[in-house]
Structures are given as structure tokens and as C-alpha cells.
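Novice: Residue numbers (my numbering), protein chains in the order written: chain W, 278 to 647; chain Y, 278 to 647; chain P, 278 to 647.
Treat the hints with care, as some may be off.
If chains are identical, the list can't say which one is meant, so a pair holds when it fits in one copy or spans any two.
Computed list of lysine-lysine pairs in DSS-like fashion (alpha-carbon distance at most 30 Å, straight line) [claimed, not checked]:
(1) Lys439 x Lys518
(2) Lys518 x Lys406
(3) Lys440 x Lys484
(4) Lys374 x Lys440
(5) Lys371 x Lys518
(6) Lys290 x Lys518
Hints in this document: simulated from the structure, not taken from any laboratory.
Chain by chain, the residues run as shown.
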Amino acid sequence: MDFLSLLLMDFVKQLQSPTLGFLIGGMIIAALGSELVIPESICTIIVFMLLTKIGLTGGIAIRNSNLMDMVLPALFAIVVGVLVVFIARYTLAKLPKVRTVDAIATGGLFGAVSGSTMAAALTLLEEEKIPYEAWAGALYPFMDIPALVTAIVVANIYLNQKKRRVENEYPSKQPVAAGDYPDQQEYPRTRQEYLSQQQDPADNRVKIWPIIEESLRGPALSAMLLGLALGLFTQPESVYKSFYDPAFRGLLSILMLVMGMEAWSRIGELRKVAQWYVVYSVLAPFVHGLIAFGLGLIAHYTMGFSLGGVVVLAVIASSSSDISGPPTLRAGIPSANPSAYIGASTAVGTPVAIGLCIPFFIGLAQAIGG
Amino acid sequence: MDFLSLLLMDFVKQLQSPTLGFLIGGMIIAALGSELVIPESICTIIVFMLLTKIGLTGGIAIRNSNLMDMVLPALFAIVVGVLVVFIARYTLAKLPKVRTVDAIATGGLFGAVSGSTMAAALTLLEEEKIPYEAWAGALYPFMDIPALVTAIVVANIYLNQKKRRVENEYPSKQPVAAGDYPDQQEYPRTRQEYLSQQQDPADNRVKIWPIIEESLRGPALSAMLLGLALGLFTQPESVYKSFYDPAFRGLLSILMLVMGMEAWSRIGELRKVAQWYVVYSVLAPFVHGLIAFGLGLIAHYTMGFSLGGVVVLAVIASSSSDISGPPTLRAGIPSANPSAYIGASTAVGTPVAIGLCIPFFIGLAQAIGG
Amino acid sequence: MDFLSLLLMDFVKQLQSPTLGFLIGGMIIAALGSELVIPESICTIIVFMLLTKIGLTGGIAIRNSNLMDMVLPALFAIVVGVLVVFIARYTLAKLPKVRTVDAIATGGLFGAVSGSTMAAALTLLEEEKIPYEAWAGALYPFMDIPALVTAIVVANIYLNQKKRRVENEYPSKQPVAAGDYPDQQEYPRTRQEYLSQQQDPADNRVKIWPIIEESLRGPALSAMLLGLALGLFTQPESVYKSFYDPAFRGLLSILMLVMGMEAWSRIGELRKVAQWYVVYSVLAPFVHGLIAFGLGLIAHYTMGFSLGGVVVLAVIASSSSDISGPPTLRAGIPSANPSAYIGASTAVGTPVAIGLCIPFFIGLAQAIGG
Numbered sequence: 278m279d280f281l282s283l284l285l286m287d288f289v290k291q292l293q294s295p296t297l298g299f300l301i302g303g304m305i306i307a308a309l310g311s312e313l314v315i316p317e318s319i320c321t322i323i324v325f326m327l328l329t330k331i332g333l334t335g336g337i338a339i340r341n342s343n344l345m346d347m348v349l350p351a352l353f354a355i356v357v358g359v360l361v362v363f364i365a366r367y368t369l370a371k372l373p374k375v376r377t378v379d380a381i382a383t384g385g386l387f388g389a390v391s392g393s394t395m396a397a398a399l400t401l402l403e404e405e406k407i408p409y410e411a412w413a414g415a416l417y418p419f420m421d422i423p424a425l426v427t428a429i430v431v432a433n434i435y436l437n438q439k440k441r442r443v444e445n446e447y448p449s450k451q452p453v454a455a456g457d458y459p460d461q462q463e464y465p466r467t468r469q470e471y472l473s474q475q476q477d478p479a480d481n482r483v484k485i486w487p488i489i490e491e492s493l494r495g496p497a498l499s500a501m502l503l504g505l506a507l508g509l510f511t512q513p514e515s516v517y518k519s520f521y522d523p524a525f526r527g528l529l530s531i532l533m534l535v536m537g538m539e540a541w542s543r544i545g546e547l548r549k550v551a552q553w554y555v556v557y558s559v560l561a562p563f564v565h566g567l568i569a570f571g572l573g574l575i576a577h578y579t580m581g582f583s584l585g586g587v588v589v590l591a592v593i594a595s596s597s598s599d600i601s602g603p604p605t606l607r608a609g610i611p612s613a614n615p616s617a618y619i620g621a622s623t624a625v626g627t628p629v630a631i632g633l634c635i636p637f638f639i640g641l642a643q644a645i646g647g
Numbered sequence: 278m279d280f281l282s283l284l285l286m287d288f289v290k291q292l293q294s295p296t297l298g299f300l301i302g303g304m305i306i307a308a309l310g311s312e313l314v315i316p317e318s319i320c321t322i323i324v325f326m327l328l329t330k331i332g333l334t335g336g337i338a339i340r341n342s343n344l345m346d347m348v349l350p351a352l353f354a355i356v357v358g359v360l361v362v363f364i365a366r367y368t369l370a371k372l373p374k375v376r377t378v379d380a381i382a383t384g385g386l387f388g389a390v391s392g393s394t395m396a397a398a399l400t401l402l403e404e405e406k407i408p409y410e411a412w413a414g415a416l417y418p419f420m421d422i423p424a425l426v427t428a429i430v431v432a433n434i435y436l437n438q439k440k441r442r443v444e445n446e447y448p449s450k451q452p453v454a455a456g457d458y459p460d461q462q463e464y465p466r467t468r469q470e471y472l473s474q475q476q477d478p479a480d481n482r483v484k485i486w487p488i489i490e491e492s493l494r495g496p497a498l499s500a501m502l503l504g505l506a507l508g509l510f511t512q513p514e515s516v517y518k519s520f521y522d523p524a525f526r527g528l529l530s531i532l533m534l535v536m537g538m539e540a541w542s543r544i545g546e547l548r549k550v551a552q553w554y555v556v557y558s559v560l561a562p563f564v565h566g567l568i569a570f571g572l573g574l575i576a577h578y579t580m581g582f583s584l585g586g587v588v589v590l591a592v593i594a595s596s597s598s599d600i601s602g603p604p605t606l607r608a609g610i611p612s613a614n615p616s617a618y619i620g621a622s623t624a625v626g627t628p629v630a631i632g633l634c635i636p637f638f639i640g641l642a643q644a645i646g647g
Numbered sequence: 278m279d280f281l282s283l284l285l286m287d288f289v290k291q292l293q294s295p296t297l298g299f300l301i302g303g304m305i306i307a308a309l310g311s312e313l314v315i316p317e318s319i320c321t322i323i324v325f326m327l328l329t330k331i332g333l334t335g336g337i338a339i340r341n342s343n344l345m346d347m348v349l350p351a352l353f354a355i356v357v358g359v360l361v362v363f364i365a366r367y368t369l370a371k372l373p374k375v376r377t378v379d380a381i382a383t384g385g386l387f388g389a390v391s392g393s394t395m396a397a398a399l400t401l402l403e404e405e406k407i408p409y410e411a412w413a414g415a416l417y418p419f420m421d422i423p424a425l426v427t428a429i430v431v432a433n434i435y436l437n438q439k440k441r442r443v444e445n446e447y448p449s450k451q452p453v454a455a456g457d458y459p460d461q462q463e464y465p466r467t468r469q470e471y472l473s474q475q476q477d478p479a480d481n482r483v484k485i486w487p488i489i490e491e492s493l494r495g496p497a498l499s500a501m502l503l504g505l506a507l508g509l510f511t512q513p514e515s516v517y518k519s520f521y522d523p524a525f526r527g528l529l530s531i532l533m534l535v536m537g538m539e540a541w542s543r544i545g546e547l548r549k550v551a552q553w554y555v556v557y558s559v560l561a562p563f564v565h566g567l568i569a570f571g572l573g574l575i576a577h578y579t580m581g582f583s584l585g586g587v588v589v590l591a592v593i594a595s596s597s598s599d600i601s602g603p604p605t606l607r608a609g610i611p612s613a614n615p616s617a618y619i620g621a622s623t624a625v626g627t628p629v630a631i632g633l634c635i636p637f638f639i640g641l642a643q644a645i646g647g
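Using the sequences and the hints, build the whole thing.
Specialist: In C-alpha cells, the structure reads:
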């Protein structure tokens with residue numbers, strides 16, 4: 278009872294944080310029909326600066342710390358990234374009116390990481406004065422890339438199996454001419470998509486390296502890895518202290534506002550897909566976060582991974598990708614419906630992760646730790 | 278004599294302020310044909326940050342202060358906002374070659390408030406070390422909204438009276454076919470405008486709530502009220518001190534530069550309308566400011582409203598809206614000519630308010646106060 | 278030997294500077310195909326802020342210092358600006374497959390100054406704690422404008438001589454109809470260009486004042502001279518200390534990244550022109566810098582010009598213009614090929630100047646000075 282009341286009190290207190298305040302404020306003014314617009318170019322540079330800062334922090338930290346400490350948390354990050362996709366494959370995909378490829382793509386997006394959500398978590402941890410490893414932000418790519426790769430691989434395996442089954446059943450017919458399969462929606466809807474699936478009829482294996490490469494090239498991971506490399510190999514302390522670090526909270530507040538407004542405006546997209554996506558988007562951040570929190574606790578008790586670090590791991594598991602994920606998935610699983618995965622992530626998943634999961638996991642850590 | 282020399286000395290000293298320096302610098306480089314351009318998206322985010330900061334300041338201040346202190350100044354702000362429109366209606370509108378709707382719209386814009394002008398005043402007060410109530414910036418909407426609402430209501434009453442008078446004189450004719458009315462310019466110039474005026478022939482009352490709603494939804498007031506709400510209901514001190522407050526002066530300096538260049542480039546628009554607009558735009562900021570200054574002095578002597586606060590009240594009365602006002606007026610009084618009210622405000626009213634009225638009212642307060 | 282090892286050690290150390298790190302990082306991520314994009318509007322405002330800050334620094338410094346100290350360095354800046362064009366005219370232009378007008382235009386761009394390169398040099402001097410005159414940044418226009426003016430004048434004199442020679446040889450033919458001259462590429466390629474060259478057939482003198490005027494109106498020099506004027510005539514210390522100065526390094530780091538990416542993406546343009554441009558672009562920054570360094574040393578020994586100031590003079594000589602130069606040249610020498618001069622400058626000259634020449638001249642100064 279004491280544990281629950283501690284958790285609740287902490288949760289309420291954190292809603293007063295400006296980071297969450299701007300998120301909720303953005304949703305409210307969007308709901309009230311405000312004409313406030315933050316220009317696209319400003320959002321781009323804010324995301325660049327936040328992720329460069331997180332990368333720099335990580336790089337400087339790794340330079341000054343024992344790399345071995347990172348091994349277990351990084352491994353757990355990979356495990357969670359992969360697991361999240363399979364959870365979606367065997368829960369969301371089985372629900373009525375949910376297309377399997379859409380479910381897999383959604384799982385990939387929820388397994389991938391949102392830099393803004395992570396930035397919000399780091400800021401809230403600092404506001405609550407909970408220490409965490411400075412390299413914790415560098416766990417990002419260890420969860421992000423495996424999730425996207427797994428989603429694309431699983432989706433392609435599924436689509437290939439489907440195709441072969443169909444070919445076995447109707448061997449004389451061209452699939453493109455077929456019109457009455459049980460689940461015809463999953464077939465290529467355009468001639469182009471059809472051709473792209475036909476390109477390598479001999480080997481149906483999905484090439485993994487191009488997916489990893491594309492993830493690394495995305496603007497979010499590029500900025501973060503650049504920061505990481507600069508933190509590792511140069512002496513960026515002066516520019517870090519005079520620029521990237523002090524601007525962090527303020528820029529994050531603007532981005533939270535934008536994400537709140539964006540979440541509200543995307544709510545409508547969810548109406549186009551099965552309502553189960555809403556249920557999934559509310560529950561999944563908690564489920565994924567709790568799995569990561571549990572694994573993080575193992576690292577906490579065995580390797581001395583800080584409780585703040587456990588929260589970071591849990592929050593990046595709760596988060597769903599908003600920048601790098603969608604274009605990678607669109608290219609990798611062209612037959613999945615973007616309204617499903619982007620709507621689920623942006624309209625519900627992200628606000629839940631930031632507004633509910635971050636306070637929840639911080640509260641959980643405080644209840645456990647103190 | 279001593280009073281005047283004090284006033285003059287102070288005025289000259291303030292022209293050395295960087296805030297005014299950037300404004301004048303912008304006008305000079307525009308006059309010299311500079312190709313310097315500050316991107317639109319940068320101006321948008323600067324305005325957002327300035328008004329959010331003013332809102333946050335106000336919100337934090339209101340949380341920690343006696344709301345009763347605000348009542349009289351807020352009431353005076355409303356009074357001035359309404360009065361300014363009627364001044365334009367019974368002075369500017371009576372001048373030769375000035376169309377009545379244009380005059381009312383111009384009055385509305387000069388009654389409405391410019392966030393940038395207010396920001397400049399707050400900065401100059403700080404540079405001069407004159408104390409003012411931290412919630413003074415929150416007087417903005419109390420003058421802004423009543424002025425816009427009054428202008429739109431007065432304009433519509435005028436247009437309806439006109440129409441009825443015309444219909445009574447020429448009952449059998451369709452107004453749109455008429456070609457020789459004394460003031461035909463005030464008639465709808467497009468079929469669309471004509472239809473929009475015809476929409477509610479039964480009740481000619483203007484609906485006030487939609488005008489208020491539209492004002493509140495504008496980007497300037499949205500940002501400010503968001504800041505106010507966050508200041509009131511969350512604990513934004515960390516992000517305020519690390520980001521919004523230190524960036525304020527610098528962002529303002531860029532905006533002043535843009536406003537100086539903009540003022541110069543809009544000078545040409547004034548040639549398209551009656552030259553009386555120039556006379557009005559030079560005198561009105563002083564007249565409006567002096568009325569507000571006088572009312573503010575009442576609050577100063579009765580309620581202890583600070584002299585710095587009196588200056589803020591006078592300056593927001595001097596200022597004319599540059600962001601939220603024009604679109605609201607364009608929607609509310611579609612038959613008014615934007616060249617008239619935007620030209621008068623941007624090209625003359627705003628530079629006069631910032632470059633002359635702010636130093637004048639600060640000097641006045643200093644001469645009175647000590 | 279000791280001198281060389283000192284130089285080398287210092288060179289290697291400076292590659293760890295974040296300023297150079299971001300430049301090299303930008304080249305690397307562009308080479309790896311990163312999709313990171315810094316919006317154009319952000320680059321514009323960064324350049325504005327950097328040059329305004331350099332101008333403000335110079336203006337404040339000049340207000341508080343002896344103008345006589347500037348005379349000799351400014352004179353040397355002019356000399357170097359003019360000399361660089363003639364070097365290109367009598368070296369690059371004589372190389373095989375290099376068109377003479379292209380060579381002159383390239384010389385003009387390499388004589389003109391890059392604000393970002395200068396900003397990088399000032400930052401690195403501060404990191405190395407080498408003192409320099411605060412007005413050193415104000416040497417910029419003294420080299421920039423003479424170089425551009427000289428290039429345009431020299432190119433026009435050359436084109437006129439060429440035309441007259443052709444007219445003397447083939448007096449009856451219209452040049453525009455001629456088809457078999459040895460170097461026909463240098464003839465107007467469009468009717469418009471032809472007409473523009475024909476406009477003043479009586480006097481073939483090039484008007485110098487319009488070129489100077491256009492240089493001054495460019496966004497880079499506008500911002501810098503505005504800052505200079507505000508530093509001289511207003512009291513901008515508050516906004517300088519709270520905004521322009523602290524943001525300098527951080528904004529520069531973003532710009533360095535952009536310049537690195539830009540350099541990589543422009544490499545391809547060099548393939549379209551003679552390969553001698555690459556040789557010139559690598560050597561010229563060193564040659565120009567060494568000439569300026571030598572002249573600077575004269576000022577150092579005779580007038581007490583600081584060694585840091587000598588480095589600034591050398592670096593602005595090494596640098597080639599990236600913002601104001603290209604449009605001025607395009608207008609002034611329309612028959613020159615932009616791929617040649619922009620490619621040479623952006624893809625090779627600028628990275629060499631920032632990444633090699635700045636560390637080299639700082640090392641040289643340290644080896645001489647200590």
C-alpha cells in the first residue's frame with residue numbers, strides 16, 4: 278500500500294514537470310483549434326540538437342568509463358527490441374480485423390526508439406535528481422536497429438510463406454490475376470509493389486545489411502552516432518557545455534509541444550484502422566517497459582547498473598519511433614498501411630510513453646530504491 | 278524645464294539601447310538595399326519563444342501574487358482597447374478620402390497589441406532598472422481581444438446600417454446592380470464578399486464569441502496563454518531559467534531587425550491609400566499611450582500599481598498588432614483594405630511605438646517618479 | 278627539427294577540436310550516405326548570427342581602441358585581396374584546359390573571405406588561448422571587397438581586349454556570328470550575355486562602384502557591417518554577452534557540419550572542369566595564407582600586431598568565400614563557369630583552409646612565438 282501511494286504521489290508530482298506540461302499543453306491547444314505552428318525546419322534542427330547532445334554525452338561518458346559495464350544493458354536492449362516485434366506478431370496480429378503485416382510493422386515501430394521520449398526521460402530523471410549512467414542514451418541504437426530489422430525480416434518471411442502457400446494451392450495461376458483469396462488485402466496493391474516482391478524469386482531470403490545501413494543513415498541515428506563519435510574522438514566539452522547542454526531542456530520543451538499537437542491531429546488516422554490498435558498502443562508501452570525494467574533490474578543487482586539506467590532502458594522500450602522508424606518501415610514493408618503504425622505510435626503510443634510510462638517507471642524505481 | 282530636459286536626455290540615451298539599435302539598423306540596411314533575409318520560420322519561432330516567455334513570466338508571477346492587484350489595470354486595458362477603436366471611428370474615418378471600414382479596421386489594429394513591442398518595452402525597462410509587476414505582460418489579451426472584437430462589431434453595425442439605408446432608398450433595386458451610390462467602394466467588391474454579407478439577412482447582429490475564439494486561437498495569443506497556463510499550473514522554472522529567459526533579449530534583437538526591414542519595405546503600401554493614414558499612425562501611438570498612461574497613474578496612486586507597470590500599459594496601448602490582428606481583421610471585416618491598416622501599422626505605427634513611444638513613456642515615468 | 282615537431286604536434290592536437298571535428302564528421306557522414314539534413318533556414322540564421330557577432334565584437338573593440346593600429350593590417354588585407362586575383366590570372370589561367378575567365382573568377386573567390394572559416398579560426402585561437410586583437414574580424418571586408426572588385430575588373434578587361442583583338446582580325450564579321458575562334462567558349466553563350474557585354478561599346482571601362490555596392494549589400498557583409506555599426510554606436514554589451522557570444526561556438530559547430538557535408542556533395546562538380554582546379558584549390562590556401570602571414574609578421578614586428586592577429590590575417594587569406602562571393606561573381610562575370618569556381622572553393626578550398634591551414638598557421642605562430 279505504501280509502495281502504491283509512493284508511486285501515485287510521484288506520478289502526480291511529475292505531471293507538473295514542464296516537459297510533460299508542454300506535451301499536455303500541446304494536446305490541449307490542438308484540441309482547442311489553436312493556429313499555432315512550429316515550423317518544420319525548427320523541429321528538424323531541434324531533433325538534430327537533442328540527439329547530437331545525447332550522442333555527445335554518451336561519447337564523452339564512454340571515453341571515461343568501463344565499456345564492460347555497457348555489455349549487459351546493451352544485450353538486454355537488443356533482446357527487448359527483437360522481443361517486441363514477436364509480441365506484436367503473436368498478439369496484435371491475431372486480433373480481428375488486424376492485417377498481419379500491419380501488426381508486424383506496428384511492432385517494429387514500438388520496438389524502435391523515440392529520441393524525444395528518451396530525451397524527456399533523461400530530463401525528468403535529472404529533475405528528480407536520480408543518477409543514471411551518462412552512456413545510457415547510447416543504448417538507443419541497440420534496441421532501435423534490431424527492432425526494425427526484425428520487423429522487416431519477419432514481415433518478409435510471412436509474405437513469402439503466404440505467397441508460396443498460394444502458389445502451391447493454385448499452381449497454374451499468376452498471383453496477380455487472382456481475385457478471390459481469403460486475405461487478398463495482403464497482396465501487392467500496385468504493379469510496382471508486385472514487381473518489387475518478385476525481384477528475387479530464386480532466393481527468398483531478406484537481406485539484413487541494407488536494412489541496418491538504412492537505419493544508420495536516417496537523420497536521427499546519424500545525428501546521434503555523429504555526436505557519439507565526436508564525444509569519443511574529439512574534445513567537445515567546450516561546445517557541449519556552452520551550447521548543446523544548456524539548450525537541451527528548452528528545445529525539448531518546444532518539441533514536446535509539437536508532439537502533443539501532432540498526437541492530437543493524428544487521432545483521426547486511427548479511425549481508419551481496427552480499434553484494436555488503440556488498445557495495443559495503450560498497453561504495449563507498459564508491457565514492453567516492464568519487460569525491460571525487469572531485465573534492467575537483473576543488471577542492477579548483478580552488475581551494479583544504476584536504477585536511473587534501468588528507467589532509461591524501460592523508457593526506450595516503452596517508446597515508439599517517430600523519426601527514423603516510419604521511413605525505414607515504409608521502404609522495408611511497403612505493403613503495410615502507414616495509417617496503422619504511424620497512427621498507433623504518434624497518436625497514442627508516444628503520449629502514453631511520455632506522459633504515463635516515464636512517471637510510472639521513475640515512480641517504480643523510487644519505490645524500489647528508496 | 279527640468280522635466281523636459283530629463284525626458285529628452287533619457288530619450289537620447291535609450292536610442293543607444295541594442296533593442297532600438299537593431300530596429301533602426303534594420304530600417305537603414307533595408308533603405309540601403311541590403312539583401313539580408315531572416316527566414317520566415319525563424320521569425321515564427323522567435324515570436325513563439327518571446328510570447329511563451331512573457332506568458333510563463335506572467336503565469337509564475339500570478340501564481341505567487343495577489344490577483345486583486347491585476348483587476349484595475351486589466352479593466353483599464355479593456356477600456357483603452359475599446360476606446361481606441363471609437364477614436365479611429367470618429368477621427369480617422371471623418372478625414373477626406375478615408376473609407377469608414379478601413380478606418381475602423383485600422384483602429385482595431387492600433388487597439389490590438391504587438392507582442393514584439395511589449396517585449397521591447399519590458400527589455401528597456403530592465404535595462405533602465407525600472408521595476409514593474411511580473412504579471413504586467415499578462416495585460417496583453419485584456420486590451421488585444423476587446424479592440425479586435427469592438428472593431429469587427431462596429432464595422433459590421435456600420436455596414437448593416439449603410440445597407441439598410443440603401444435598401445430603404447432604392448427598395449426595388451438589388452444592391453449589387455447599383456452603380457452610383459455616393460460611397461460605392463464600401464460595397465462588396467466580389468461576389469463572394471457580397472454573399473458573405475448576405476448570409477444572415479434575418480438577424481443582423483454580429484456574433485461576438487467567434488471573434489473572441491478566433492483571437493484566442495491565433496498563434497500569438499495561443500503561445501502566450503499556453504505559457505501563462507504552464508506558468509500557473511506546472512513548475513517551469515528550470516526550463517524558464519535555462520532557456521526562455523536568457524534567449525529573450527537576443528531573439529528580440531533579431532526580431533527588431535526584421536521589423537525594421539519590414540517597416541521600410543511596407544512604406545510603399547501607404548502610397549496606395551490616403552495620406553491621412555500617415556498622420557494618424559504617427560499621432561495615434563502617442564494619444565493612445567497617453568490615455569493609458571493617465572489611467573495607469575490612477576492605478577498607481579490608488580492601488581500601488583508600479584510606474585514600470587504604468588509604462589507597460591501605455592506601451593501596449595501605443596502598439597499596434599503585427600501578428601494576430603491582421604488575419605482576424607481580414608476575416609472579420611473582409612471589405613476593409615489591408616494595405617490601409619497593415620501599411621499604417623507596420624510601416625509607421627510600430628516603429629513609432631517602439632522607437633519613440635517606449636523611450637518617451639519611460640522618460641515620462643522617470644521624470645514623474647524621481 | 279624542433280620547430281617542425283612543434284608544428285606537427287600542434288596540428289594533430291587541433292584536429293581534436295570540436296570545430297574541426299564537426300567539419301570532418303560532416304564529410305564522413307556525407308560519404309557514408311547519411312540522410313541528415315540541416316534546413317536551409319537554419320544555416321541562414323546561423324551565418325547571420327556568426328557574422329553579426331563578429332561585427333559586434335569588432336565594433337565594440339574599435340570603439341575602445343586606437344584606430345591607427347588597424348591601418349597597416351587593413352592595408353595588408355587589401356594588398357592580399359588584390360594579389361590573389363593576379364596570382365590566379367598568371368598561374369591557374371595559364372594551365373591547360375583552364376578557361377581564363379574561370380581562372381579569374383576562381384581567384385576572386387579565393388581572394389574573398391569566408392565568414393565561417395574566420396569564425397572557426399577565432400574559436401580555435403580562443404581554445405588555444407592565443408590572444409588576438411578583438412577588431413581582427415573587422416579585417417574581413419578589407420580583403421573581401423578588393424578581391425571581388427579586382428576579379429570582376431580584370432575579367433572584363435580581359436574580355437574586352439579579346440573582343441577588340443577579334444574585331445581587328447575579322448573586322449567585317451559580327452562576333453556573334455563567328456564560329457571558329459580558337460577559344461570560342463569565352464564568347465557570350467546566350468543572346469542576353471552578348472547584349473550585356475555590348476551595352477557600353479563607347480567606354481569599355483568597368484564601373485567599380487556598383488560592384489562594391491553589391492558586395493556590401495550581400496547578406497554576409499550586411500550582417501557583419503550592421504554588427505560593426507551597432508557595436509560602434511550603441512551599447513550592445515547586454516545582448517552580446519547573453520546571446521551572441523555564448524551561442525557562437527555551438528552555432529559554428531552546426532555550420533561546420535553543414536560545410537563538411539556540402540564539401541563532399543560538391544566533389545562531383547569538380548569532375549566537370551579541368552583537374553588543375555583541384556591542384557590549385559589545395560595549394561592556393563597555403564600560398565595565400567603564407568603571403569598574408571609574412572605581411573602580418575611585418576606588422577607584428579613594426580606595429581606590435583599580435584601573433585593571433587597575424588593568424589587571423591593569414592586565415593582570411595587562406596579562406597575562399599562561400600556566401601557573398603558566388604552571387605557577386607555570377608553577376609559580375611556571367612561568362613565564367615560556376616562549377617569551376619564554386620566547386621574549387623566549396624569542395625576543396627574551404628575544407629583545406631579550415632582543416633589544414635588554420636591548424637598550420639596556429640602551429641606556425643606558436644612555433645615562432647614560443
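Novice: Hint by hint, say whether it matches the structure.
Specialist: Hint check results:
| no. | hint | in the structure |
| --- | --- | --- |
| 1 | Lys439 x Lys518 | neither (54 Å within a copy, 58 Å between copies) |
| 2 | Lys518 x Lys406 | both (19 Å within a copy, 18 Å between copies) |
| 3 | Lys440 x Lys484 | within (18 Å within a copy, 62 Å between copies) |
| 4 | Lys374 x Lys440 | within (20 Å within a copy, 59 Å between copies) |
| 5 | Lys371 x Lys518 | neither (50 Å within a copy, 50 Å between copies) |
| 6 | Lys290 x Lys518 | both (29 Å within a copy, 20 Å between copies) |
Figure legend: structure checked against the earlier numbered hints; hints not met, in rising order: 1 and 5.
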